[in-house]
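There are 4 protein chains.
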Amino acid sequence: MSGSSFGTLFRISTFGESHGPGVGVIVDGVPPGLPLSEEDIQLEMNRRKPGQSEVTTPRQESDRVHILSGVFEGLTTGTPLGIVLYNQDMRPSAYDDIRELFRPGHADFTYLAKYGIRDHRGSGRASGRETAGRVAAGAVAKKLLAQRGVSVTAYTLRAAGISCESFDPAVIEKNPMRACDPVAAEKMVARVKELSEIGDSVGGIIECRIQGVPAGLGEPVFDKLDAELAHAILSLGAVKGIEFGSGFACADMRGSEHNDWMDSEGFLSNNAGGVLGGISTGQEIVFRAAVKPTSSITVKQKTRNIRGEEREIVTEGRHDPCICPRIVPVMEAMAAIVLADQFMRQEARGRKNQA
Amino acid sequence: MSGSSFGTLFRISTFGESHGPGVGVIVDGVPPGLPLSEEDIQLEMNRRKPGQSEVTTPRQESDRVHILSGVFEGLTTGTPLGIVLYNQDMRPSAYDDIRELFRPGHADFTYLAKYGIRDHRGSGRASGRETAGRVAAGAVAKKLLAQRGVSVTAYTLRAAGISCESFDPAVIEKNPMRACDPVAAEKMVARVKELSEIGDSVGGIIECRIQGVPAGLGEPVFDKLDAELAHAILSLGAVKGIEFGSGFACADMRGSEHNDWMDSEGFLSNNAGGVLGGISTGQEIVFRAAVKPTSSITVKQKTRNIRGEEREIVTEGRHDPCICPRIVPVMEAMAAIVLADQFMRQEARGRKNQA
Amino acid sequence: MSGSSFGTLFRISTFGESHGPGVGVIVDGVPPGLPLSEEDIQLEMNRRKPGQSEVTTPRQESDRVHILSGVFEGLTTGTPLGIVLYNQDMRPSAYDDIRELFRPGHADFTYLAKYGIRDHRGSGRASGRETAGRVAAGAVAKKLLAQRGVSVTAYTLRAAGISCESFDPAVIEKNPMRACDPVAAEKMVARVKELSEIGDSVGGIIECRIQGVPAGLGEPVFDKLDAELAHAILSLGAVKGIEFGSGFACADMRGSEHNDWMDSEGFLSNNAGGVLGGISTGQEIVFRAAVKPTSSITVKQKTRNIRGEEREIVTEGRHDPCICPRIVPVMEAMAAIVLADQFMRQEARGRKNQA
Amino acid sequence: MSGSSFGTLFRISTFGESHGPGVGVIVDGVPPGLPLSEEDIQLEMNRRKPGQSEVTTPRQESDRVHILSGVFEGLTTGTPLGIVLYNQDMRPSAYDDIRELFRPGHADFTYLAKYGIRDHRGSGRASGRETAGRVAAGAVAKKLLAQRGVSVTAYTLRAAGISCESFDPAVIEKNPMRACDPVAAEKMVARVKELSEIGDSVGGIIECRIQGVPAGLGEPVFDKLDAELAHAILSLGAVKGIEFGSGFACADMRGSEHNDWMDSEGFLSNNAGGVLGGISTGQEIVFRAAVKPTSSITVKQKTRNIRGEEREIVTEGRHDPCICPRIVPVMEAMAAIVLADQFMRQEARGRKNQA
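Heads up: the sequence lines are chains A, B, H and P, in that order. When the letters of the first sequence are read in order and numbered with my numbering, they come out as residues 8 to 362. When the letters of the second sequence are read in order and numbered with my numbering, they come out as residues 8 to 362. When the letters of the third sequence are read in order and numbered with my numbering, they come out as residues 8 to 362. When the letters of the fourth sequence are read in order and numbered with my numbering, they come out as residues 8 to 362.
These are calculated hints, taken from the structure and not from any lab test. One or more hints might be untrue.
Across the chosen pairs, the derived CB separations fall in these ranges [to be verified]:
1) H:SER44 x B:GLY357: 20 to 28 Å
2) B:GLU46 x A:SER158: 32 to 40 Å
3) H:VAL321 x A:GLU80: 21 to 29 Å
4) H:PRO176 x B:GLY357: 25 to 33 Å
5) P:GLY357 x H:GLY315: 24 to 32 Å
6) P:GLU45 x B:GLN67: 25 to 33 Å
7) B:ASP104 x P:ASP96: 42 to 50 Å
Listed below are the simulated EDC-like cross-link pairs for lysine to aspartate or glutamate, each with C-alpha atoms no more than 16 Å apart in a straight line [claimed, not checked]:
8) P:LYS309 x P:GLU107
9) H:LYS309 x P:ASP270
10) P:LYS307 x P:GLU323
11) P:LYS307 x H:ASP270
Built from N, CA and C at the ideal position, the CB exists for glycine as well.
Full structure from sequences and hints, please.
Right under this line is the structure:
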């Protein structure tokens, strides 16, 4: 139980369901003296919010951030941040039809199996809306990372069967797919719209690059940097896999190919993805995550109801035909939260060489 | 800090370095009344131990398990198990040559960067030897799972570029690769020996299937079943990726393909890999992990020493040309530990429908 | 860091400062299916709120409880409760005078020393107002305990130098001191008013009795029932000591006096206070806590300002001349939270005899 | 469950029963580079070990410390310390008579109620022997504190009804009671021997003073310095109460008496015991703990057996007529562990004023 918290020193706890009064997060462990305003957080929140383009859901949420505690005269005080967002565009009655149905690909069945009760309105706690709190916390984490010269950049690498063939960080926020290649982005959008029109959805691959991390972050043997990142990223509902550096391709490589050699300047390659033995190498940290196609589709599907009777279902509602562009800021947030926590754990060793 | 513990209710803490006096584990949270002997644990330990075949390291370790506490008259008492294994076939002087060198692919550089000090003997804490404690704890977890009708089976699915094309659980423990296809296993062994002779190594993919898990395990939103498994599996030094069910292939699927439909009997497919919304569906749980080629090779490589000077290195010593067969029991152990913990967390909700 | 959470399975995280926008709590780990309304929580909140009598502060707070998540159609869902209370009767400017002064007995000096920054308005995070979130969480814990036949009753045992000489639980909520003896209560009120008029304050002793706890709660060796209760109770700002059963008097007893004998019916005495070896005995659990006199007084005191200059101070504002009656519900809440957590930890052992 | 670990960053996990093969501890989170030998730990262990004088048990244990990991070439490496002590003077058969009896004042009844099974040999896990691991960990914590100029001194303040009337730290280790007043010590010894001869035992009060702690340690609102110390000290089986500074006497004080005034030099008194709002003030930290009389006495007592039948019992065996002198080093160890952890948690805020 108590699965709604994450982190050791920089620790977040989220609450909230899709169609209840609101969602939010407590961020405990923020060092005092950090300049922080609601607007700082709002900027990240706006990247995640629905209704941004034709490849995302038309649900309208202002996603207005309210900081209830932890900031005084523009600076964090070292006490927990309490952050709330009220739900607005709630249409719980839109979900009356599915009250007793298990939507394929959704957590309806498993939540009922686990808890014996289920808030069916818009997936309840299993909704992507829960991630708003994570993005708010991630915005704070990013400020801590910026102080340390670290930046986190995620983007759509592949979607709807189309891969980016170039990498230009400047274009990511300028196309609705948040892809790193503008040409591929256009093709992706076209394909997503095509499938969206027939009520279907697509998946994709998000890549994340973290720059500026010094060598030495990560807490072996269980809280290794890659293990914690995997935990954080797999805690996102739509993610089905993660790989670092060369990733699954390593399975077909020889040691002599995969090992990253060094010379006096540093490493000569980065098959490891910036992590060795669970500790950062000082290189760019690179991972990719597999994002499944959105489960809510209007294609007719087979399912059953809570009494075990077979039914057909068409998931109406306002859904993202491709969740990739909205998952990008969430993934950045989770990566930033892991790193902020790891920095503090490492910095707690302060006197290491002063025995 | 304190990264050497894992789990919430079924909680393990490991200690030990490769060439120090010994390694071990404390397992806290084991329910009382479980029959347990050193022999129960030894059986799993023997599957992990070195020197089993020509595709693994010739290092000889009896890996004799000593239970120092927590068992009385053949039953667990509910108090922590203290388990120790003494190191025997230690040859620290064999590592004198690399005292000041960073071996490519190893954690030598990162441990020194992190701690400012490094036990260079056989990788120290970063050695695979640390996993002996995990396997001991996993043996206990497996007993708890057996009480609940759950079994965990891992095996080599691909290695040295060769994939299994059939699945026969009966053959896994009968071939040195722990592959699920005896024909593929033979080819793998041949290829591994070939590469081993020229001092190189290979990677592979391990698949893990968990049967008998009822619907309802997993603790959203951060301690989801797949997130915890990812954390556990990525905490193994050689693992560079994990995927569930269809895994990375989901990126190219449509929602109408990937969604697992249901009828009155249950699910009609298992693209999800047995986990929806981070909670078990009652189906088989399936994941795959990418294992990098062993870093220790005798091929000559470029590196530098602790003073930043360029050097060449040939990693002598006793190493596994392919670590896959020895990682199989470790991966099973980690999966079993996650499941035992999740069972207890779920069972703590005992009265759920009795309000 | 991250000191704002408490509990393992029934886990609370509070946020909020005295004169910020609001205070609140996340309660994670509440089993699903528990009937819960805002009114259930409000009842406990009203016992803690200011302005109840002439022995407490005249600050007016409606302390209106808002549940933002975790309840659906009148039942808990197993997901975290998000609970918020907005601050209303804020007069931050009333604190302008003390912006640079350290009030004796308050945490002004230590917060500034720790964080390098201090929200001086009404003690900020160190205010008793933070305990509103604890009382909300405690109301939920009490419902879980009621399901198990457990009740928690605290009361003022001594205040202003006057001790209760009888114990009648029926009178506790009927006198402004929440004392267990109505005659003593009257004397206490008279004395408190007398001292209040000269601007001074008084301390006291709260006793807490917990009935209905079966033998077996407590998690040796560190999370013993009494150790966790001590942690919880000492986390209240005004508490300076705790003792169980015979308490400090045990120091002068012989083993033959202190040991609680048993016969076939059970224990013949309860010097232990219902806890042996950190585990409940099945008897009433009894502890007492020392509550210091309220620090805010209008008697002129010596202090210094943030620049180290000597100053005199008279703490104006709206304060409780004796905090005992308002601490009673908070102490009950903390005890209930510890017990709810310990019940779940024990119940997670479900199958203990079914090996 | 999992109650055998303590601490957040400096984290200890103990294992072991009184008459099993051994006891021990893992200390995780020790910063690298700290000089540490088995001898450093042995010195503290010898202060706790049995057989030191006629007021303690004659059980003979060499209590030889074995460090299995975490130290390399005389320095800690940042990896977990694994420390083991083997039990030697085990006489499990001495406990055959009490196999089915509940010894008054012992945890026999509660352990059986909790776990449904009980290692009856010398109290099993509930034995004071478990604290050997704590003392080992405390020795490491003390070294970290020494680096920061902090010392922890505990001593017997009162025992057998006799109070110390002077305080001389130099005499503490020179008298068998570890009292701070040599005259009182002599009287205590005489009285303890007198009672010991008639098979009875006595309790006492231990006082602990911690010097050199800067202002700013403690993690509100739940992990306050005093709350954590209370948790740690109440986790010792014989302790029934704790108080800070003026302690329970505060109940009878007025605010104008209890508040510690400041001038430009600092505080003018220390009624708070060095902690305000859960954070250290920079003054000496002072607390006292009530220690119950040893439960094992040879006076004939009433009890029952596991079948509920009334019995008489005389607890033979080798016991301490007054446990105070042996609890002194254990209490110092627990206080040192709390402080080491709090230092690291505070130091993790490193950049606090560098926003």
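Exercise. Of the hints given before, which are not true for this structure?
Worked result: 2
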